[in-house]
Amino acid sequence: EAQVTQNPRYLITVTGKKLTVTCSQNMNHEYMSWYRQDPGLGLRQIYYSMNVEVTDKGDVPEGYKVSRKEKRNFPLILESPSPNQTSLYFCASRRQTSGKAGEQYFGPGTRLTVT
Amino acid sequence: QQPVQSPQAVILREGEDAVINCSSSKALYSVHWYRQKHGEAPVFLMILLKGGEQKGHEKISASFNEKKQQSSLYLTASQLSYSGTYFCGTVTGANNLFFGTGTRLTVIP
Chain A
347 EAQVTQNPRY
357 LITVTGKKLT
367 VTCSQNMNHE
377 YMSWYRQDPG
387 LGLRQIYYSM
397 NVEVTDKGDV
407 PEGYKVSRKE
417 KRNFPLILES
427 PSPNQTSLYF
437 CASRRQTSGK
447 AGEQYFGPGT
457 RLTVT
Chain B
720 QQPVQSPQAV
730 ILREGEDAVI
740 NCSSSKALYS
750 VHWYRQKHGE
760 APVFLMILLK
770 GGEQKGHEKI
780 SASFNEKKQQ
790 SSLYLTASQL
800 SYSGTYFCGT
810 VTGANNLFFG
820 TGTRLTVIP
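Order-wise, the sequence lines are chains A and B. So the first sequence is residues 347 to 461, counted in my numbering. So the second sequence is residues 720 to 828, counted in my numbering.
Next comes chain B alone, as it looks inside the complex (with noise of 0.2 Å):
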C-alpha cells in the first residue's frame, strides 16, 4: 500500500526548484509531507485533506489531486538547508499512514 514517489534522487544549485510527485493506487483521505535529515527522524511538513487544498510552509508548498490520488511538493528557491530525504505519507479509509519510498534532495551551492 505504499505511495510511488518520483524521482528517486534529485540535485539542485541554491536558488533553483524542485518538483517532488506521490501517486497512489487507493482513494486517498489526505497526504501528509515529511522531511528527514540524515541520522534523524522524519519532521512533519504539512498535511493535505481532501478537497484539492493547496498549502504552503515558507517556501515549500504542495496540492492534493484527490481525483488522481496525487500530491505535489514544491521547493522554490531552494537552500543548502532543504536538503534531506522527502517521504509523502497516505491516509486511506482505514485511517493508517504509509510512507513511500523518499525522494533524496540535495542543494549543492
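So that you can see chain A by itself, here it is in the shape it has in the complex (with noise of 0.2 Å):
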C-alpha cells in the first residue's frame, strides 16, 4: 500500500529537548516536504526536498531542521523546542519528474506540544 508515515502521532515534550519526528514514504517519490497547521493560518511549509542531499526552506524554517540522506526518509528535527512549535505536523511527498508537481500524499500528522 502506497503510504506516508510519521512517527510518532502524539509528542509532549518540554522546552529546549531535542527530538526528531520521522517521515518515510515507499512510493520512491523525489520531493518530501514538512508542513505545519495551526488554526486560522493552514499549512505553512516548513522545509522541502527536491531529491536525495537536496533540501530547501519553506515559509516557516526558523527553529527545525532537516535531512535527506536516503530517498525514503525525510525526518524533522527540532534542536530546541519552544512553546511556539506547539502545532500539528505533516510529511508529504510526490513525485516530480520535468519540472511537473503530481499528486501529494501526506502522513497522518503528528500532534506536537511543547510545555
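Don't read these hints as lab results, they were simulated from the structure. Just so it is clear, CB atoms sit at the ideal spot from N, CA and C, and this is done for glycine as well. Fair warning: there could be bad hints in the mix.
Far from chain B, by Cβ distances over 10 Å, these chain A residues were calculated [to be verified]:
1. Pro354
2. Gly362
3. Lys363
4. Ser379
5. Leu387
6. Ser426
7. Asn430
8. Arg440
With a straight-line Cα cutoff of 20 Å, these simulated DMTMM-like cross-link-like pairs (lysine to aspartate or glutamate) come out [stated by the list, open to error]:
9. B/Lys769 - B/Glu759
10. A/Lys403 - A/Asp384
11. B/Lys769 - A/Glu449
12. B/Lys778 - B/Glu733
13. B/Lys745 - A/Asp405
14. B/Lys756 - A/Glu425
15. A/Lys363 - A/Glu425
16. A/Lys403 - A/Glu425
17. A/Lys403 - A/Glu416
18. B/Lys756 - A/Asp384
19. B/Lys786 - B/Glu733
20. B/Lys756 - B/Glu785
The two chains are supplied separately, each in an independent frame; assemble them into the complex guided by the hints.
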C-alpha cells in the first residue's frame, strides 16, 4: 500500500529537549516536504527536499532542521523546541518529474505539544 | 507565497452549490485542490495545469485561469460528506507547492 508514515503521532515534550519526528514514504518519490498546521493559518511549509541531499527552506524554517540522506526518509529535527512550535505537523511526498508536480500524499500527522 | 482563498468559511444545506476561490500574486504552473476532514490528513482532489483547463471529480469540478492566476472549485448538489476544509495549493516556477489558509465547508441536513 502506497503511504507516508510519521512517528510519533502524538508527542508532549518540554522546552529545550531535542526531538526528531520521522517521516518515510514507500512510493520512491523524489519530493518530500514538512508542513505545520495552526488554526486559521492553513498549511505552512517548513522545509522541502527535491531529492537526496537536496533540501531548502520553506516559509517557516526557523527552529527546525531536516536531512535527506535516503530517498525514502525525511526526518524533522527540533534542536531546542519552544512552546510556539506546538502544532500539528504533516509530512508529504510526491513525484517530481520534468518540472511537473504530481499528486501529493500526506502522512497522518504528528501532534506536538511543547510545555 | 501563500495563495489567498475565499471565502474563509461557508455553510450549506444539502443539495446547495458552493464556489471556493483561490488566487495568487505569482504566475502559476499548476493548481492543486485538497480536502481535509477534521483530525485527518489532507486528501488530494485534483490538479489543474496551465492551459485554462477545467476538471471534474464526481460533483466537484474546478477551473484554472492562468492569466488571472486564479482557480475556482465548484461543489454542486452538496452532500454531507463534502464537509471539511478545502485547500488550494499553487505551484510556481520553483516547482514548490504552497497552500492557502483553507476554506471550511459545513454541509447541514
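| message | Just to be careful, I want the Cα atoms of lysine 769 of chain B and glutamate 759 of chain B compared with a cutoff of 20 Å; is the pair within it? | response | 30 Å, violated
| task | Given the hint that lysine 403 of chain A pairs with aspartate 384 of chain A, test it: the Cα-Cα distance must not exceed 20 Å. | result | Holds, at roughly 19 Å.
| message | Verify this label for me: leucine 387 of chain A is non-interface relative to chain B, using a Cβ-Cβ cutoff of 10 Å. | response | 6 Å, violated
| said: Can you confirm whether the C-alpha distance between lysine 363 of chain A and glutamate 425 of chain A stays at or below 20 Å? | reply: 7 Å, holds
| request: Sort out whether glutamate 425 of chain A lies within 20 Å of lysine 403 of chain A, counting only the CA atoms. | output: Judged against 20 Å, a Cα distance of about 16 Å means the pair holds.
| Given the hinted pair lysine 778 of chain B and glutamate 733 of chain B, is their alpha-carbon gap at most 20 Å? | Distance ~13 Å between lysine 778 of chain B and glutamate 733 of chain B Cα, so the pair holds.
| Minimum Cβ-Cβ distance from asparagine 430 of chain A to chain B exceeds 10 Å | 18 Å, holds
| request: Would you check the hint for lysine 786 of chain B and glutamate 733 of chain B, treating anything up to 20 Å between C-alpha atoms as holding? | output: Measuring from Cα to Cα gives roughly 34 Å; hence the hint is violated.
| request: Run the C-beta distances from serine 426 of chain A to all of chain B and say if the shortest one exceeds 10 Å. | output: Serine 426 of chain A is indeed farther than 10 Å from all Cβ atoms of chain B, at 27 Å.
| query | Minimum Cβ separation between arginine 440 of chain A and chain B greater than 10 Å? | reply | Nearest chain B Cβ is 8 Å from arginine 440 of chain A, so the label is violated.
| Far enough from chain B: is every CB of that chain over 10 Å from the CB of serine 379 of chain A? | 7 Å, violated
| field | Straight-line alpha-carbon gap lysine 756 of chain B to aspartate 384 of chain A, limit 20 Å | value | 15 Å, holds
Hints 4, 5, 8, 9, 14, 19 and 20 from the earlier list are contradicted by this structure; the remaining hints agree with it.
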